[in-house]
Amino acid sequence: EAGVAQSPRYKIIEKRQSVAFWCNPISGHATLYWYQQILGQGPKLLIQFQNNGVVDDSQLPKDRFSAERLKGVDSTLKIQPAKLEDSAVYLCASSFWAGELFFGEGSRLTVL
Amino acid sequence: KQEVTQIPAALSVPEGENLVLNCSFTDSAIYNLQWFRQDPGKGLTSLLLIQSSQREQTSGRLNASLDKSSGRSTLYIAASQPGDSATYLCAVNFGNEKLTFGTGTRLTIIP
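Protein sequences, first through last, are from chains G and F. Heads up: the first sequence begins at 1 in the working numbering, then just goes up one per residue. Heads up: the second sequence begins at 113 in the working numbering, then just goes up one per residue.
The hints are simulated quantities; they were obtained by calculation from the structure and are not laboratory data. Some hints could be false.
Unchecked claim - Here are the simulated SDA-like pairs of lysine to any residue, each with C-alpha atoms no more than 25 Å apart in a straight line: (1) LYS154/F <-> ALA20/G; (2) LYS62/G <-> ASN51/G; (3) LYS113/F <-> LYS78/G; (4) LYS113/F <-> GLY99/G; (5) LYS78/G <-> GLU209/F.
Just so we're clear, the structure is a prediction, and the values are computed from it rather than from any experiment.
Sequences are here, hints too, so could you generate the full structure?
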């Protein structure tokens, strides 16, 4: 069974530029999550989708971050414009239904 | 506020020893708890999932316990090996289908 796929693995941009990350969850998993992990900290939830609907985006900085889940399958997280404090690893996870979460390898963002 | 705490932040033990990692959480009304392993520069690998109705789960040399009344979970690693060196993260589902993470314990096994 294929795992959660994420791309790109690494991205370096300058502040005020934009960036997009892509995630393809495990087939059949209805719930998809985007987490932000800053160095030395535990992951923090940014947004949770159930199929193509948003369940929780209370911690998503909506002035600069946006996310969508096209047709309830893959998802894109966008940051525009990026700030220095956005430097982090962006982790995508999926689950079948309130069960075990499976994570991708993450996308490491460096903002200069 | 629902919080998850892991102490210590770092732990070093000689190879072959048994060890225990600790996780505490503020709200006993949990749905499940999951332990993850994270290697440097990598994503999270699920180790064990304990449902709220369970007391423990085992996988190979790993055993996770859950005590909801005291708000605690432990991850026991038997006969530690250098390959066990990683950061171990505890995450709690407080019934809202999302995980709240601790900050992790960085484990180093000394050969």
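We went through each hint and held it up to the structure:
1. LYS154/F <-> ALA20/G: Distance of about 19 Å is within 25 Å: holds.
2. LYS62/G <-> ASN51/G: holds (20 Å)
3. LYS113/F <-> LYS78/G: With Cα atoms ~29 Å apart, LYS113/F and LYS78/G exceed 25 Å; violated.
4. LYS113/F <-> GLY99/G: holds (22 Å)
5. LYS78/G <-> GLU209/F: holds (23 Å)
In this structure, only the earlier hint numbered 3 is contradicted, and the remaining ones agree with it.
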